[in-house]
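Participant: Residue numbers (the working numbering), protein chains in the order written: chain G, 542 to 1075; chain D, 668 to 1083; chain U, 231 to 629.
Hints are not guaranteed to be accurate.
Claimed, not checked - Listed next, the in silico BS3-like pairs over lysine-lysine satisfying Cα-Cα at most 27 Å (straight line):
| hint | chain 1 | residue 1 | chain 2 | residue 2 |
| --- | --- | --- | --- | --- |
| 1 | G | K929 | U | K317 |
| 2 | G | K932 | D | K851 |
| 3 | U | K550 | D | K975 |
| 4 | D | K763 | U | K589 |
| 5 | U | K462 | D | K964 |
Said to hold, decoys possible - If you want the footprint, here are the derived chain G segments under chain U, 3+ residues with CB under 8 Å:
| hint | region |
| --- | --- |
| 6 | 571 to 579 |
| 7 | 773 to 785 |
| 8 | 834 to 846 |
| 9 | 968 to 979 |
| 10 | 1043 to 1055 |
I should point out that these hints are in silico values taken from the structure, not numbers from a laboratory. The C-beta atom is built at its ideal place from N, Cα and C for all residues, glycine as well.
Here is what each chain is made of, one letter per residue.
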Amino acid sequence: MNQATVVIIGGGATGIGILRDLSMRGVHAVLLEKGGLANGTSSRFHGLLHSGGRYAVGDNEAAKECIEENTILRRVGKECVEETEGFFVATKHDDPEYARAWVSACERAGIAAQPVPVAEALRLEPNLSPNISTVYRVPDACVDGFRLVWHNAVSARRYGGTLLTYHEATGIEQANGRVCAVLARNCQTGESLRFECSYVINAAGSWSGQIAHLAGLDVQVSPDRGTLIAFNHRFTSRVVNRLHKSADGDIFVPHGSITILGTTSSPAPSPESNRPSSAEVLRLLELGEPLFPDIRQYRILRAFAGTRPLYSAGSGAGRSASRGFHIVDHAEEGLHGMISIFGGKLTTYRLMAEKLSDLVCAQLGVSTPCRTATEPMVRPPSAETLAKATKYFPMHSTTLAAHRLGEALETVVNTMDAEPEHPILCECEMVSLAEIDYVARDPDTHSLHDVRLRTRMGMGTCQGTFCSLRAIGALTERNVPLNLSPTEDVAQFLQERWKGVRPALWGTQMKEIMLGRAIYAASLNLDGAIHEQQ
Amino acid sequence: MNSNSDVLVVGSGPAGLFAALVAAQRGKTVRIVTQGAGSLAICGSNIDVLGYAQGQRIDEAPWAAIAQLAPEHPYSLVGEHSIRSALHCISALCAKAGSPLSHADEEKNTLVPSIVGTLKPSWLCPASAQGNSLLAARRVLVAGIEGFKDCHPALVARQLKRYPELKQASFQTVNLIMPPQPRKRTLSPLDVARFVDSPEGLAWLCRSLRPYASTADVLVLPPVCGIEHSGSVMATLGKEVHCPVVEMLSIPPAVGGLRLRAILCRELAALGVNIVENATIVRAETAGKQCLALISKGTGGERRYTAKHIIIATGGILGGGLNMSPTAAQESIFGIELPLPEVIEDRSQEAVFGDHYFTRMGVQVNADLCPVGADGAVLFNNVHFVGRALGGYDYATEKSGLGVAFATGWAAAHKV
Amino acid sequence: MAKIHYNPDACIACNTCVAQCPVAAVNADFPGPRITGPASQRFRIMGNIDEETLHFCANCKNCDISCPHNVPISAFNMIARAEFTKKNPFSLRDWMLSHGALLGRKLGLVPAWLRNVGMLNPLTRRLLDMLGISASAPLPQFAAQTFKQRMRTYPQPASQRKVALFPGCYIDLYDPQTGLDLVWLLNKAGYEVIVPNNFDCCGLPMVANGFMEDARANARSNWAELSSWCAKGIPVLTACPSCNLMFNRDLAEYFPEIATGTAALRDAQEFVLECVERGELALPAPDPQAQPMLYHAPCHLRAQGLGLPGLSLLQAVFGKAVRNADAGCCGISGSYGFKKENYGIAQSIGQPLFETITKSGVALTTSECGTCRVQIMHGTGKPCLHPLSLVRRRLELQH
Ligand SMILES: Cc1cc2nc3c(=O)[nH]c(=O)nc-3n(C[C@H](O)[C@H](O)[C@H](O)COP(=O)(O)OP(=O)(O)OC[C@H]3O[C@@H](n4cnc5c(N)ncnc54)[C@H](O)[C@@H]3O)c2cc1C
Ligand SMILES: Cc1cc2nc3c(=O)[nH]c(=O)nc-3n(C[C@H](O)[C@H](O)[C@H](O)COP(=O)(O)OP(=O)(O)OC[C@H]3O[C@@H](n4cnc5c(N)ncnc54)[C@H](O)[C@@H]3O)c2cc1C
Ligand code: SF4
Ligand code: SF4
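This is chain G alone, in the form it adopts within the complex (with noise of 0.2 Å):
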């Protein structure tokens, strides 16, 4: 039998911070998340780390929170932010007006948005259009979601947070008034689990809705999507915001590598329903041309949608903590121990986990303060290790590595340093096999796509087409304890690449896709093999 004092449905950012909040205070929590880690809109987002100035005016509550929770994350997890800075750029088809009220909205919030000179933005950013008017400087970052849903994770589980991946919230039993039990069942294996607790947070995003009605209760969340692009290349080097009335489709986001534009916003009929559609696609390019004219050259690596969960206030006895998020206690409504948590931002979730801990612990009783807003995420790896490193990884990739495995890196490092060769398997963002090997055995990686997720292999150029097979083979030769087969599994990301390239398929990227299809099916029979294979 299972037993915990709560247990926290969904393995977002949410759900996770709240995880190691709850566990840095000492109280007793287990982690339900259906997928991998990361499983909904935390992996499926824009990665901005948000300065607010895009809330500046639309609503200056939520813009101060950002700015707030922006300097909070840039200090305690640094290994997750890329301090780029952004710009606020308007054209000379933008109302000038407008400018003015957003630059007063930013200084009422706090963020600091200074004016630069057009031709020193554009020697700056050299792809922005030279037909822009106006550019603000503005403290924006971006965020890697998965990293910081990882390193919580591992920090949540050094302070005693049990994390169960592939495990669905299937039930919720209460007695009296009040929560006592979540039935779950173990997606792998098909097991049914049930997990006794004094406390149940939904922090299940745009589940929310399906988790509360497991518990019987209505609240009102729909989800509503938003399309995004990612594109080949880094072509602006700083967060590119269009200084107009909050629109789709006006953000630029450097990730890494990569850029990322969105987004779009229409209702979608459930939460997992994450399929861009060739409209929203070309409704994106149309929107960013006015800033990056030459974004039809760009090469697109895929298009993505994640849900929002949007929140019909008033629907149920709801008691907003911000106009950003909502935390909602359901004893309210006559269900002691059942809190759900939704809203809000990637860039507020340590603030939403503290706020929402903050209850949990009062209704405990536990008085020991929140220390995520001090307390670093993640043990560095040592000078040493990091000098042992450079040996082995090329070019930046070492404080990319540190970054990505913190204090770990010493533990792959040493096996580099036990093994005559160090291949690079995934060329395209330079991981190497042993950062791989590590990653796969963790316990909390079940697939392919965890790896990835985890070290970036195959989110590049070639989109996995030469290193998922290697890494399949690699890992198999190693016995690494993960059931991997090419046929399945890479039939499986080809899939899911398939996903993301269908609705832009044309120019480059069309090519792309011919060329895995020559490799995989002209040249390899993956296609003729998963029928033939017993």
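Fit chains D and U with the ligands to the supplied structure of chain G, relying on the hints for placement.
Facilitator: Same frame as chain G, but now just chains D and U with the ligands:
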């Protein structure tokens, strides 16, 4: 004088090189203008003719299935005679170059193993690879090379065992150790094949494989048996190792295609065919149903090439012969419009290996391989399309890539 | 710099170039064009990367020739090398190797025999070796008088039809005879040849050694000069493939702000061939007694998309006696193979070509590029002449 020739071939993939070669063999003056090295530089050397039809694997000889293909399929247009003649011609060429090709069995497609442990139905394979000897074997040795990232014997063995055809076989695996050499780059089949081209390399390979000859009925290797000297490498292995050797199909940079390419290029040079490299044909000058000249862009401006006959072997989307934008699809030199469903999602299917519209998209031609318009009327009488620029087939799923490239190349060379 | 040169997007990682790179073929440390070019480019945009393997690239352009997708691979490498040179200690050796014209001018005050003794004696070679220029490398010898000096007194029939000549450093300093052979042929075709004074080194060696700013300065003045002749309707020719490549392809890639307008340098061999086509120059029928010879196509010529006009000329006058060796890169790549750390690589690269020549038994070889010729002579011991020199010989013999 210089820029004129009997035949002008655009593109140096398998279709272009072969069409040029056959035309030159027939006594024509031939010039090739090409932008890149063509897909032979990255594909395998096994010549697939037809491996699947209607989703079914073709285990017997492909001729019956070819006769059933749709009328717009390039094979239907050129006919069985052209296909057989082309294959005969390429076999003769490889034999002359000392790297003979053969069928495992005149009655059957050969099942060739790959570096991921799949089997592919193919037709012509390097002769010494002994084709279906894998299927006949009871004891199979899968060998890799230590430090290789593209081929892992344990995985190959595990996957091959999943085939009913190989249920009875027992597998051993080994990683051969290359003589130590300081290197920053990880080994690829190309590196090993180049090493094996040298006398030391060949000796090493023989030495490494010999111990297994007595414990295995067949040795399965990545494609490492030389490039320039693959014929003599295979012959030496046969003499020295006394066990059939089968090379696996691999991923780029591939070794097999480079072998074929080297053979074709050497023969073209001997026939005096001029190759203009790194030049892109950007447009055509036409008058009525004749193409008068093709215009290239190279250093210092445009150049004009004239010829009595023009063979377009520019490949498909991958080769650059076809272009697709969100709104239109076009052949890239003459701008021939290809019909296209309006909604982008309608151009493909949800399953990655589904029966997609876009993978069959290409130029429509008549039996002379001259392009025809939507109404079926010939567009240019002296222009012939070959290889993947043609529509009506998807070589990736039906496994017909080099077969179509050579058959159409042969046919076009006989129309000029 | 053109924005497009930051953009690695055309590369789809097909690996075609990897198989065609001569350095990667013989050197197990070089990751190959795809990685040093477009793949690293994606990381260069992100900032500081150490380019420790970049110096292996010979700038031979075989990657560009083979890439089906027009990726400016070697340009990525050269631009990155320039950045590297800026940030790293100055190399006197690389400077010397890339500023030959300047050195030549300075040394021009010294008589050639003394210069050659000075440059080529064992002591100097040892000194050069210490600087990083291999003692075994086939350094070319200075000519007694430069081509430009020789042209001052060279008698030419006056003609209304004029062409200008960009000799390039190699012909000017080391090989004036080839230049004179070209002038002879052009005179014969009815042209008067002008050798403008204001041209400087094309700058390719500077690019190849990372001195991008020096190359830019040369490009600026050279382009202005070229444009002024073109504007007058006077074609400017060169017999050197690398200079032609630099003017017509590389300049536009590295300095698009300079290479504007329609001016173009012309390949002299192609021009002579056109003279034949226009009936200005009559060629004799192929010589049935011609001794067999092998032609080597310089990589920098193959990279230009203009075919092999020199070979066509040779075939026109020697028929089947001349064959294309078709055995890949000779390895030298300008000054690359002179460098101590590259000498071995260059020799290994050239091996198949040397073997082809040796096995064929020919007594004579031919190639347009000056340093290719030096390398072939070094690797095979056989003479190697410019095709134009051979064509002139054939025409002279006919009389
Ligand atoms: C298109 C788009 C772009 C965005 N861009 C930004 C941005 O640039 N910056 C920013 O700060 N914010 C951004 N956001 C918002 C941000 O991504 C989200 O606020 C954040 O990721 C939400 O995290 P979460 O943990 O609440 O939800 P999720 O990450 O969706 O996590 C919910 C998890 O619950 C799991 N789950 C569901 N049902 C069950 C079950 N029955 N049992 C167990 N587990 C279950 C799901 O698998 C999922 O992993 C964006 C959002 C969208 C849609
Ligand atoms: C990775 C891979 C693996 C394969 N494996 C196999 C296999 O194992 N067995 C098999 O039978 N088949 C295989 N094939 C398929 C086979 O190679 C194809 O059928 C073949 O590519 C079609 O050849 P092609 O000559 O028509 O076109 P391509 O090879 O694509 O050649 C087109 C040529 O035209 C040039 N070009 C295009 N436009 C212009 C222009 N405007 N001006 C000048 N030049 C131009 C291109 O640069 C190129 O040189 C494989 C293909 C690939 C890509
Ligand atoms: S220029 Fe030559 S040496 Fe450099 S990467 Fe390209 S092919 Fe290799
Ligand atoms: S640079 Fe060109 S040839 Fe090389 S991998 Fe990329 S697309 Fe292929």
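Participant: For each hint, tell me whether it holds in the structure or not.
Facilitator: Results of checking the hints against the structure:
With a CA separation close to 24 Å, the supplied pair K929 of chain G and K317 of chain U stays within the 27 Å bound. Taken as a hint, the K932 of chain G and K851 of chain D pair is honoured in the structure, with Cα atoms around 11 Å apart against an allowance of 27 Å. The hinted pair formed by K550 of chain U and K975 of chain D meets the criterion: a straight-line CA distance of about 24 Å does not exceed 27 Å. The suggested pairing of K763 of chain D with K589 of chain U holds, with an alpha-carbon distance near 19 Å, which does not exceed 27 Å.
Under the criterion of a C-alpha separation no larger than 27 Å, the hint pairing K462 of chain U with K964 of chain D is consistent with the structure, at around 24 Å. Counting residues of the region 571 to 579 of chain G whose CB falls under 8 Å from any CB of chain U gives 0; the rule of at least 3 is not met. Restraint check on the region 773 to 785 of chain G versus chain U: 5 residues with Cβ-Cβ distances below 8 Å, three needed, restraint holds. A count of 4 residues in the region 834 to 846 of chain G with a Cβ less than 8 Å from any Cβ of chain U is obtained; the coverage claim is therefore met, three being the minimum.
With 3 residues bearing a CB less than 8 Å from a CB of chain U, the region 968 to 979 of chain G meets the requirement of three and the coverage assertion stands. Given a C-beta distance limit of less than 8 Å, the hint that chain U covers the region 1043 to 1055 of chain G holds, as 3 residues qualify and 3 suffice.
In summary, the one numbered hint that this structure violates is 6.
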